[in-house]
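Here the sequence shown stands for residues 156 to 529, where the numbers follow my numbering.
Simulated from the structure, these hints should not be mistaken for lab results.
Just so we're clear, the structure is a prediction, and the values are computed from it rather than from any experiment.
Here a beta-carbon is modelled for each residue, glycine too, at the ideal position from N, C-alpha and C.
Some clues are possibly wrong.
Claimed, not checked - Below 20 Å or equal to it, Euclidean Cα-Cα: the simulated SDA-like pairs (lysine to any residue) are:
1) 501 to 449
2) 244 to 232
3) 499 to 478
4) 501 to 479
5) 487 to 524
6) 501 to 448
7) 244 to 495
8) 389 to 180
9) 499 to 485
10) 309 to 271
11) 309 to 244
12) 389 to 195
13) 244 to 266
14) 403 to 179
15) 501 to 474
16) 403 to 188
17) 244 to 494
18) 499 to 164
What the hints assert, rightly or not - Simulated DEER-style distance windows between Cβ atoms:
19) 389 to 436: 16 to 24 Å
20) 282 to 156: 48 to 56 Å
21) 278 to 501: 32 to 40 Å
22) 205 to 351: 28 to 36 Å
23) 499 to 196: 38 to 46 Å
24) 157 to 474: 22 to 30 Å
25) 387 to 474: 52 to 60 Å
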Amino acid sequence: MPELWIPGPTEVRAAILEECQRPMVGHRSSAMMELIADLDPGLRLAFGLAAGSPSSVAVHACSASGMLEGSLTAVGPRVLSIVGGAFGKRWLTIARSLDKDVREMPVEWGRAPQPEELDAILTEEGPFDAVTLVSNETSTGVRTPLGPIGEVIKRHGDTLLLVDLVSYIAGAPVDFDVNHIDFGLAGVQKAFALPPGICVMAASERYLSRAREQERHTFYLDPVRIFDGHATRKPPITPVIGLHYALKRQLEDITSGATLPETACAAERTGPDWAWRARFAKHERMQARTVSWAANHGLELLPPAAEASPTVSCLRSAGLDVTAFTAALEEKGYTISNGYGDLKGKTFRIGHMGDHTEDGLERLLAAADSCLSS
Numbered sequence: 156m157p158e159l160w161i162p163g164p165t166e167v168r169a170a171i172l173e174e175c176q177r178p179m180v181g182h183r184s185s186a187m188m189e190l191i192a193d194l195d196p197g198l199r200l201a202f203g204l205a206a207g208s209p210s211s212v213a214v215h216a217c218s219a220s221g222m223l224e225g226s227l228t229a230v231g232p233r234v235l236s237i238v239g240g241a242f243g244k245r246w247l248t249i250a251r252s253l254d255k256d257v258r259e260m261p262v263e264w265g266r267a268p269q270p271e272e273l274d275a276i277l278t279e280e281g282p283f284d285a286v287t288l289v290s291n292e293t294s295t296g297v298r299t300p301l302g303p304i305g306e307v308i309k310r311h312g313d314t315l316l317l318v319d320l321v322s323y324i325a326g327a328p329v330d331f332d333v334n335h336i337d338f339g340l341a342g343v344q345k346a347f348a349l350p351p352g353i354c355v356m357a358a359s360e361r362y363l364s365r366a367r368e369q370e371r372h373t374f375y376l377d378p379v380r381i382f383d384g385h386a387t388r389k390p391p392i393t394p395v396i397g398l399h400y401a402l403k404r405q406l407e408d409i410t411s412g413a414t415l416p417e418t419a420c421a422a423e424r425t426g427p428d429w430a431w432r433a434r435f436a437k438h439e440r441m442q443a444r445t446v447s448w449a450a451n452h453g454l455e456l457l458p459p460a461a462e463a464s465p466t467v468s469c470l471r472s473a474g475l476d477v478t479a480f481t482a483a484l485e486e487k488g489y490t491i492s493n494g495y496g497d498l499k500g501k502t503f504r505i506g507h508m509g510d511h512t513e514d515g516l517e518r519l520l521a522a523a524d525s526c527l528s529s
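Make a model of the complete structure from these sequences and hints.
Here is the structure:
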């Protein structure tokens, strides 16, 4: 099988796949309760929660898109959706399907949303109950500046910030509380480098407090039910037990530095999150190397460099036959992605995320060199 260098799902280590094959346990057993409890330290590091943070974490058996919907069932009717790509548009569509009073904030594809524009809309047209945002737009390779956006939300205290972290978390620092996020969610098939099938999430105290006051027209995706079940180690439905084992192993391996190369500097090993910071730095280096390689071939990023994703590089095709290029690369054992939606044929995407290594990236780029020179 070709190596997956697409924007997700990505390559999964053999050790992780083995965890998925562990014998089942009863979902109400003490073993299951212990397994759920074992997830929390690593999940809290993944979301960047400081010790003593009142924010909560949880896991649920659904896709990330499921919790895009679930998160919105627990907020009031007025929603502002920031849309700068296919996945921002998905959240907008879901909000409308729930009969929310939705205002779209359109952003040029290939650009990050500007905090000043968000501030103006919230000031002139607010109050809104929630803002939906994609932290890392996989369709365009754009990273949103969470800090400046969060500061805007802080100034409009009645508004909740809901963030899609799907291709961002475990590849870049989330800093959930620092960035004033109220609800964040992600699938695990991207930078976590796990098989798909579960959603990880975090919620602020004020999100859950307001959620309890809402009439939530859902059962399976009810965030209050999910977070309460996780806190008591009694999930509301039978969890995907094999993926819980896999997530536990991956969180422990990331935290211990087991997924890092042996050359990881010992001097960096300070604080409980040292290996997470090293993992984020690896993603930044891989992105920089990909951009450098592209420039040598007269190719450039779709977004400005300052707004580029650390996990997914979306490159303009500049006349390159993307379909032929990706097919040739597949024959050499590597799969990358064509552009998404309206960008198909105009861009291609390389997903340098998860447990991929810098040595592995060099092999991919060497294969790409041979395809471009033939």
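Evaluated hints:
With a CA separation close to 15 Å, the supplied pair residue 501 and residue 449 stays within the 20 Å bound. With a CA separation close to 18 Å, the supplied pair residue 244 and residue 232 stays within the 20 Å bound. For a cut-off of 20 Å, the pair hint linking residue 499 to residue 478 stands: about 9 Å separates their Cα positions. At most 20 Å may separate the alpha-carbon atoms for a hinted pair to count; residue 501 and residue 479 meet this at roughly 13 Å.
With a C-alpha separation of about 11 Å, the suggested pairing of residue 487 with residue 524 holds against the 20 Å cut-off. Taking the CA atoms of residue 501 and residue 448, the gap is about 18 Å. The hint holds against a cut of 20 Å. Distance check on the hinted pair: residue 244 and residue 495 sit about 13 Å apart at the alpha-carbon level, within 20 Å; holds. Taking the CA atoms of residue 389 and residue 180, the gap is near 14 Å; set against the 20 Å cutoff, the hint holds.
At most 20 Å may separate the alpha-carbon atoms for a hinted pair to count; residue 499 and residue 485 meet this at roughly 17 Å. Under the criterion of a C-alpha separation no larger than 20 Å, the hint pairing residue 309 with residue 271 is consistent with the structure, at around 13 Å. Restraint check: the Cα-Cα separation between residue 309 and residue 244 comes to about 24 Å, which exceeds 20 Å; the hinted pair is violated. Of the pairs offered as hints, the one joining residue 389 and residue 195 holds, with about 14 Å between alpha carbons and a cut-off of 20 Å not exceeded.
Restraint check: the Cα-Cα separation between residue 244 and residue 266 comes to about 14 Å, which is no more than 20 Å; the hinted pair holds. A threshold of 20 Å between alpha carbons decides the hint, and for residue 403 with residue 179 the separation of about 15 Å falls inside it, so the pair holds. Annotation: proposed proximity of residue 501 to residue 474 holds, straight-line Cα distance about 8 Å (limit 20 Å). Between residue 403 and residue 188, the direct Cα distance comes to roughly 13 Å. Compliance with the 20 Å bound is thereby established for this hinted pair.
Using a Cα cut-off of 20 Å, the hinted pair residue 244 and residue 494 holds, with the two alpha carbons roughly 16 Å apart. Simply put, residue 499 and residue 164 have alpha-carbon atoms about 19 Å apart, close enough for the 20 Å limit, and the pair holds. Remark: the range hint 16 to 24 Å for residue 389 to residue 436 is contradicted by a beta-carbon distance near 38 Å. A hinted range of 48 to 56 Å for the beta carbons of residue 282 and residue 156 is consistent with their spacing of about 51 Å.
Judged by the Cβ atoms, the range 32 to 40 Å given for residue 278 and residue 501 holds: they are separated by roughly 36 Å. Between residue 205 and residue 351 the Cβ separation comes to about 29 Å, which falls inside the hinted range of 28 to 36 Å. Checked against the given bound of 38 to 46 Å, the beta carbons of residue 499 and residue 196, roughly 41 Å apart, stay inside it. The supplied range of 22 to 30 Å is met by residue 157 and residue 474, whose beta-carbon atoms lie about 25 Å from each other.
A hinted range of 52 to 60 Å holds for the C-beta pair residue 387 and residue 474, which are about 58 Å apart.
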